[in-house]
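2 protein chains.
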Amino acid sequence: MGQIVQCVPNISEGKDIDKIKRIIEPLQHKTGFKLISYEPDQDYNRTVITLIGDPEAMINPLLEFYEIALNEIDLNHHKGEHPRMGAVDVCPFIPIQNITMDDCISYAKKFGELVFKKLNIPVFLYAMAAQKPNRTLLPDIRKGEFEGMKEKIKEDEWYPDFGHAEIHPTFGVAAIGARMPLVAYNIDLNTDNEKTARQIAKYLRGSSGGFQYVQAGPAYLKEKNHVQVTMNILDYEKNAMYRIFELVKIEAKRFNVEVLSSEVVGLIPKEALLDSLKYYQKANHETFDKNMTLEEVVTLSIQYLKLRDFDMHKIIEANL
Amino acid sequence: MGQIVQCVPNISEGKDIDKIKRIIEPLQHKTGFKLISYEPDQDYNRTVITLIGDPEAMINPLLEFYEIALNEIDLNHHKGEHPRMGAVDVCPFIPIQNITMDDCISYAKKFGELVFKKLNIPVFLYAMAAQKPNRTLLPDIRKGEFEGMKEKIKEDEWYPDFGHAEIHPTFGVAAIGARMPLVAYNIDLNTDNEKTARQIAKYLRGSSGGFQYVQAGPAYLKEKNHVQVTMNILDYEKNAMYRIFELVKIEAKRFNVEVLSSEVVGLIPKEALLDSLKYYQKANHETFDKNMTLEEVVTLSIQYLKLRDFDMHKIIEANL
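First to last, the sequence lines map onto chains W and R. Just add 2 to wherever you are in the first sequence, counting from 1, and you've got the numbering used here. Just add 2 to wherever you are in the second sequence, counting from 1, and you've got the numbering used here.
FYI, nobody ran anything at the bench for these hints, they're computed from the structure. Beta carbons: idealized from backbone N, C-alpha and C, even for Gly. Be a bit skeptical, because a hint or two may be false.
As the list claims (entries may be wrong) - In silico contact screen, one side only, chain W against chain R (beta carbon under 7 Å); selected entries: (1) TYR215; (2) GLU248; (3) ARG256; (4) ALA285.
As the list claims (entries may be wrong) - The list that follows gives simulated cross-link-like pairs (lysine-lysine, DSBU-like), each with its CA atoms no further than 30 Å apart: (5) LYS197/R <-> LYS284/W; (6) LYS240/R <-> LYS145/R; (7) LYS204/R <-> LYS255/W.
The shape of chain W in the complex, shown without the other chains:
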């Protein structure tokens, strides 16, 4: 069996569906990998794209995709709830099967170099692919966003890994990297007060003393008229979903607010869900069966974590 990675580029466009379709066109119907999903978010004005398959087969289509994004998206005119610094904001390679992290780092480097050479976009290698310690955490690179990057990139410590000390005038900069699977997890609150979500996010996240592997911030969902605590769980074994979900419920109480639901963005490893189901079933004196079917994982996850917009195809293992 060949090497399988998950690749999750995020583009800074979440509203114009026709435009999004034009950008992802080169990723459709290819041999060697599958376009699993693309999830536009109007409030974030951002689309998360998920590919699974052979990384070698992805390289050229991904390059075409970057080129179309460059032509279609001008960050000078982009607004959204999610921080961003590039038209294709990030692109991580994630080892899934028959592939090491080192291999994924090599793919990130190879692809990053191509993106600069062919399209003249400055590239930061991030996460496990980082070549400097200040590039391990994406929020550190992205701080200041597209607007601030014009000056930031001129600082010695922010000279890009590929490219020169100047952003692309419309694309911005690209972050390309390698990382373990993470869980992009958001928890909805029944309030439109962004301060509440901001405060809870602060209690939770590692950077302010909370759970070490949790990055968290607030977001207001205009469509739904409520806020959410939006998170990346960088290590779902050490910082389990149930613990985060339950702690948000606890913190919400001080604001007399309730948790409405939660959502997983992109794909999630089955293991991350099983770990939380084990907690809830044990707490409820139910029998936990680690060999349960994916359908059961879905049903119980919706029941216990109040997951919305969730089905089997969000689980990595359903797509292999």
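With chain W held as given, fit chain R onto it using these hints.
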């Protein structure tokens, strides 16, 4: 009003009460500061001593106390559960009122220099008073303990801040420093299974990905025949007591175990309790009054945090 610090020297003797009384004699009945308590622990073979008052007034009595400890305790014959490297193992100065951390650091330096000059004991300045990054965390300095320090102190990076590259043959070495107040907080579980407490401690503590400023481990209380999660909260503003207490309740559920009570060891700043009372009162739609009396702080803390063996004199502010 004058400067007030809390000073908490720990001596490596917890069994021989007569000896302990001889050692702390110079700290009794002095003007300018009070000996609040001394808490011998037989298993640890260690006694925690708490002083509150004017740091200037403490210096000479503390020096006498070190001298008696040097004469009474020989670490070559000391055994106990708690790691140690000196007859007086540690001595932190903690800012309480009308005094800055910088002042406390100055007192630590001044006193450390005296301890070496008068008694020929090598001194490491630690925590906020650390002069080298490897001396910020006490466990790093103490690694190898009294026995290992004989060789360790000869390494360039462990040359003492005051003294030479040689331990005192019977006293060992002294750590003198300055730090913020910490909260020693234990949560009791209705089980005698130490594994349960160990697992919950692991979920909680910073070193395994939990709350950054929490150090946690399991302990079995022979007298009460139940276990507890025993913790130091190094920053009670960032890692609030209520959050830790509620999270332990959540984690206990997976073991079908309940939280019985909790306890504060040594003194606690009023602010640490108020912060948690604010949470509980807001969550319960009650009016929170930050100017409540100390009696009310005690009553509400017992109610909400299930504190046992707790009274006003455990609150730092009641001792000023």
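Cross-check of the supplied hints:
no.	hint	in the structure
1	TYR215	6 Å, holds
2	GLU248	5 Å, holds
3	ARG256	5 Å, holds
4	ALA285	4 Å, holds
5	LYS197/R <-> LYS284/W	16 Å, holds
6	LYS240/R <-> LYS145/R	27 Å, holds
7	LYS204/R <-> LYS255/W	25 Å, holds
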